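There are 4 protein chains.
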Amino acid sequence: MFHWRVEDRTDAIRHHCGVMGISAEEDVNLPELLFYGLFSLQHRGQESAGIAYHRHGRIVSYRDVGMVASALSHYLKENHPSRVGIGHVRYSTHGTNKLENAQPIVVSCNKGEISLAHNGNLSNSDELTRSLIAGGSIFQSTTDTELLLHLIARSPRPDFRGALLDCLGLIEGAYCFLVLHGDTLFAVRDPLGFRPLVIGRRDGMVMVASETCALGLFQPEEIREVEPGEILEIQGSRITSSRLPDRPATAGRRAHCIFELIYFARPDSEVFGHSVHLVRKRMGAMIARDDPSPGDLVIPVPDSGSSAALGYANASGVELEHGLTRNHYMGRTFIQPTPALRELGVRMKLHPVRQAIAGRRITVIDDSLVRGTTSRQMVRLLREAGAREVHLRLSSPPLRFPCFFGIDIPTREELIANRLEPDGIAREIGADSVRFLSLEALRGCVDRPDDYCTACFSGEYPCPVMDAPVHRTN
Amino acid sequence: MFHWRVEDRTDAIRHHCGVMGISAEEDVNLPELLFYGLFSLQHRGQESAGIAYHRHGRIVSYRDVGMVASALSHYLKENHPSRVGIGHVRYSTHGTNKLENAQPIVVSCNKGEISLAHNGNLSNSDELTRSLIAGGSIFQSTTDTELLLHLIARSPRPDFRGALLDCLGLIEGAYCFLVLHGDTLFAVRDPLGFRPLVIGRRDGMVMVASETCALGLFQPEEIREVEPGEILEIQGSRITSSRLPDRPATAGRRAHCIFELIYFARPDSEVFGHSVHLVRKRMGAMIARDDPSPGDLVIPVPDSGSSAALGYANASGVELEHGLTRNHYMGRTFIQPTPALRELGVRMKLHPVRQAIAGRRITVIDDSLVRGTTSRQMVRLLREAGAREVHLRLSSPPLRFPCFFGIDIPTREELIANRLEPDGIAREIGADSVRFLSLEALRGCVDRPDDYCTACFSGEYPCPVMDAPVHRTN
Amino acid sequence: MFHWRVEDRTDAIRHHCGVMGISAEEDVNLPELLFYGLFSLQHRGQESAGIAYHRHGRIVSYRDVGMVASALSHYLKENHPSRVGIGHVRYSTHGTNKLENAQPIVVSCNKGEISLAHNGNLSNSDELTRSLIAGGSIFQSTTDTELLLHLIARSPRPDFRGALLDCLGLIEGAYCFLVLHGDTLFAVRDPLGFRPLVIGRRDGMVMVASETCALGLFQPEEIREVEPGEILEIQGSRITSSRLPDRPATAGRRAHCIFELIYFARPDSEVFGHSVHLVRKRMGAMIARDDPSPGDLVIPVPDSGSSAALGYANASGVELEHGLTRNHYMGRTFIQPTPALRELGVRMKLHPVRQAIAGRRITVIDDSLVRGTTSRQMVRLLREAGAREVHLRLSSPPLRFPCFFGIDIPTREELIANRLEPDGIAREIGADSVRFLSLEALRGCVDRPDDYCTACFSGEYPCPVMDAPVHRTN
Amino acid sequence: MFHWRVEDRTDAIRHHCGVMGISAEEDVNLPELLFYGLFSLQHRGQESAGIAYHRHGRIVSYRDVGMVASALSHYLKENHPSRVGIGHVRYSTHGTNKLENAQPIVVSCNKGEISLAHNGNLSNSDELTRSLIAGGSIFQSTTDTELLLHLIARSPRPDFRGALLDCLGLIEGAYCFLVLHGDTLFAVRDPLGFRPLVIGRRDGMVMVASETCALGLFQPEEIREVEPGEILEIQGSRITSSRLPDRPATAGRRAHCIFELIYFARPDSEVFGHSVHLVRKRMGAMIARDDPSPGDLVIPVPDSGSSAALGYANASGVELEHGLTRNHYMGRTFIQPTPALRELGVRMKLHPVRQAIAGRRITVIDDSLVRGTTSRQMVRLLREAGAREVHLRLSSPPLRFPCFFGIDIPTREELIANRLEPDGIAREIGADSVRFLSLEALRGCVDRPDDYCTACFSGEYPCPVMDAPVHRTN
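In the order they appear, the protein sequences are chains A, B, C and D.
Residues in the first sequence are numbered consecutively from 5, following this note's numbering.
Residues in the second sequence are numbered consecutively from 5, following this note's numbering.
Residues in the third sequence are numbered consecutively from 5, following this note's numbering.
Residues in the fourth sequence are numbered consecutively from 5, following this note's numbering.
Quick caveat, the hints were computed from the structure, so don't treat them as lab data.
Values in this document were obtained by computation on a predicted structure and should not be read as measured data.
Glycine residues also receive a C-beta, built at the ideal position from the N, C-alpha and C atoms.
Partial chain B-side listing against chain A, Cβ under 8 Å, derived:
| # | residue |
| --- | --- |
| 1 | E323 |
| 2 | T329 |
| 3 | V357 |
Start from the sequences, fold in the hints, and give me the full structure.
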């Protein structure tokens, strides 16, 4: 296990990306199919969306900022027959949301035209980038995604497939790559299996996606995980599987991101072999077992705490109540209130159901606690609505360490759990009590807990991580 | 009670409108405040949004098609000081979504400049319109909303206030009017109290809105219903209340739309003196009491069946499960799939949680059944996910009659409950059983059940209704 | 002749509107044809555009703010078969550019559904509006256009045609109306013939438009003016002509707006029987005859002075030079420079051709002088480019009086010709000399000069005008 | 001199790009200044626009498709202080208008962060690209522009400045580069001086642009051409000039694109030391001298033939007439007519002034003849308007050869002058006669004619050109 050192990261927890690939035996309106798949992955990235597909021997691509429906909709006015393509949704993780960073990217190089969509974060990208830059490569974006393409172009192996395999051997960290080369779709998942990637098949069509929820639409006859370290080469509906060579340091190990189960994935997805919803219910049940709250009513913070709250209620026998509702019209186009009205803005998302809450001792269930600012507002709302007591229970341990594998977590200093013990947190946010699920209990919620990365809670990283990021400009 | 005769109406159940008015003692950025209020009423109308406010002795207005955030956002770039204004969100109920029909409308007439926002449906509008048209009035929209303004302009009473009162005496049906005249805001609710309208007050500011959820943002010190038949005249923060004269036919009677409690209103609102969420829970409990299902798992259709399912689970002791999830990114901008992919489209909104459902006998709770097409898809999804049995329970009686007071209900022929008995419906949608809440049980869920209009279930209308709509063009 | 009294008007000279109507024997894609016609009338109104056409017994309409290409383009994605329709382009003449004021407007009244497009300005609209408002009519826009529709609806004549004729007898001033009623298109021009209106015919199709340039596209077999006081009733390609009854006060008189020839109309149009371009050349020649400039080079202000400058050059023998160019990309979407850079903004439209100007004595020809602010900038540009002398010649007399017939002219105080004599103007704008075409010479440029309204120069109005506008709100 | 061989190119003559750079001693709102400059270069590229500027040690960039006003306008809502930046307008020359090809591009490489804007076309780019690709570079666009950046990144010279100089030595063809590195702006023009590039200075600010018209806005105290082969290094307002080493093959030679004078540049610009307008007048005069037309009226095709027609008229004594007008609202947003109405579309741009033309023998002056399709329409318009004879005169020689230096010229087969002699062309387009300016006469219009590239007329290329373009994908 490896330990981290401080560095600077900003923003709240946000997830990087979602990917989708489709390969069919015959021409279909591929952009439309990708559109539906990406739409189901919208929760994994709302900053930009893009697609790339094979047509008449070339790769056609389109990317834009915004949600799937607005970014890609005008592309769907016509039929675009194709047999194979990939798509991507993305969070911007470095401040501005530059179109330059949208994916899939398409390049021409000595291995031909290649398009790439990526979900993850490479842990040795700075080192590799430094070396490529020293060797004269130029980078047009601030993402990891260009990196693999540069490596492939630099590879002495003349064939694309060989070069891809070689280069995958050079990179470390969390990745799910969908790569389009000619009419072949490659799908690759890192050996530790950080991020989810699944594959499904239905008469004459193969679909690959970050989560099963994107495959369900297509009513697949079979679905399975792409194995950690597996490389799929898909032509038409024919799938050839091979494996990345294991590395000594990590041979046979897994490091599934446990935060996918806690927060990122959609509850109706099956991730790492678990129903996300059922795992979350189990987390709620664990809280009830280990750290029962004096509350006589349990309410979820919608939607992130819904599954866990149901599990808590079932396990504890405490009455479940929908005491908070959420305005789902609150999207990316929403206008930020002027400073004078900022507090109004906060109240537009979550709303207490006064008559259900008044006079009750409330146990509120949420998935995690980052800075504590939203929780403070929520506790205030509940008290104004008449709650007699407010006890906050989190279905995850205290968040205290940065993630180097694709999750944007604020700096160590900003994480409230690094500043305060649960009682101090309760005081700061105005709650009567605050309790976290223990790491041990969390591990108890999954099969083979050693197959998970829990570094954001424990600081124990599954592979070496850098001290500080290197800027690509010298 | 009055009985209906057949006429032609199209489309599924849709609700008309939401209104919001604000009056303050001093200048505030009124468009911004209205924006937040309307945003909280977005569920009441997503086709167009508009605001009108008083500034420098004139009424300034802005309306556009689309959701609140897009239709009004660019209006918020600057400060627009004003003391009083009104806003509106709207469903288009007649096919095309014409901007001409957006509200508030603003007119100049012999009573001065007037702006009007309306939620409801007048039952004698055809008769009045016919008379006005015969007398030489011209109509620029296809809405009821112009009607009151024409009547006011035609009134022999020289003063606006007197004319308003007189004209309100001429109209029948369901209405909540917000009227802006000079710097005075009038709020009127019909004597039968079909639609909800509430008023709140906070230091120096008065807010009127269709639902309490729009007032909550402003943290009002007090909230009450605008009484049926009440007319509020608001200047600054001073409120003067008076009453419409009672009519013999309806004196002392009420006809609150029970569908507001079943489906329209937001669960965190308090409508007709009830917490919407708690009434819905009661409906669910009533189903459990009167018509228990053999299911061993109860799941809501999100979000419309969530409260009732919780009530059912509590009352029956049957385990509650979130067995269906919903993609909330599905908004108005969503692209309709091409015909070839229509079935995909249906599957993009609701998703089964397979592992929670497989092998179980499911009781699904929804609020109402209109044509049955969506329910058929949902039952199919649940069966594909492995449900052993699927029992559908509705928290409302069979929908069988048209609404003349603002709810768009399909024609009698299209309503599945007019064609089939529950068992026939079950066969048609593929469920193992289908049961409706009885009208008696529904009435038992509210205080003073006689104060409610249940005509869409019973065919007994609280006031005379027309046989057929009259086209305004001759 | 009638004399005016002061009132308040704002803004520079702007023209109101352009209209286009088409009637065909068989279905054509009418919106597309109207689009092309309106596009050719774009110079007559750039604030909003709209169309209305007959389809399946109803009038379908669409209006939006913006230029023709953007306001109407998305309407053209599909075919909309129809036999008859009208269109409109509009300048907003009262500050804000409200969509409510866009045309054609469509109303339902006791004469049926009617759509109206209007170019002109009624001189007794305040009186009529006052009377209609007193009688209970409501106005939803601030334009004259609603007026005729109210009158028609109020007319005791039961038939539309009769009512139209009666009501036309009530109104005075400048108007060209296109009226759509059922499948009949009416085209009416006021008895004094203020604004141009022409009609053309081509196999099975009749086209009416403000200017011949909009007809040319359709390669008409014949074109003629709609006569002053003529009413055309068009069904399919059949045209029935009748005449408004003459009024004693204006019997047999004409009052063509001479500013159409000076500035508004497109040079390739034929207006009031004249080629606009050739009349403007004649104006230039008159300047050369009456008030020759000492300049040894004559340059037009593009594009408004181009024709007159050519006429001046030909008549005087002075060399013509394109000494100023214009950036035609400068459209409505153009961003106003920040105050700090305002002067840059001015320089983005007109550009001197330095080498053609340097050291020369320049005679600059423009069409008219309003406030003088732009001319001052232009003179400065020419001097910076090295002009030795700058002599400004205007192809119209001093503008000193307001127009009540559709032209927005600034207030009397703002008109530079009301403050200063030519020499004073020259000093104020920095020119070596400024001379205007005399009214007598201007009249000499047209056939039958008494048939023209020259009130903006002479203050002699062809019909009575009001002292002050009446606000429609009391 | 070098000769060409056939290859495939599509589309009519279009020009590539315009560039603008600004460097100031102190912070200014640089995006706004670039916006104005680019707006004046809009005629050089209407497909996309972009800017890049230095701020807080980083390069900030923004690019979008569309005209300057729409692509960059929303960027101007706020102040963005900066001291140095570059901008670009672009034509797409290869079918689709991909945002990926918009400029300036920004990359990170071993020489730091670099932004580049380019106007021109490299003649050895295929060879260099092939070599870079072989060496492992990846290309993300289909433009030449990435090429220089790849070369710089690959250069063994460690310093940016040295690498830039070395790499400029490797490339051949037509180029004007603006390069932003740190807070330094480099401006480079190729040794043959194909494309124009000028520099101006004004208190504390240096401006570089493709044409003088973009500098005029800023009222520069001095303007000069960037010399062919000159490299300017600009920091604040300090300019350091150096020179590219001459190559034996082209030492001391110049190859200014004569088409800039004939058609591309704005008439008010001064290009290659000439007033564009005056050179065009001279071309017109030469036609009059060498090949006088029997026409008794000379009219320009607006706006491209305006200057030459004036020169022709002055030299010949034949009367000038504005016999054709142009609809300047015809912009990029214009909708293409449906096929059934295509001919209407053609008539929407050019309009004859009938009364000025009827019965006359017309000499029409245009700048050049490509495929002849538009000319055929124009001749028809003139005949329909009554022209007795139509004689077309072109102010350039027959276009017969492709350009390898940045001008998109249709294939050899499509160029009408490759198929027909002037008399044959006259027959094909319906004119009474067609004559071209001879190459000798054209050369006589400029000082030092040997300093010009006239390859599109003569086939004699100023430097070696490739036989066929190489696709970058293998």
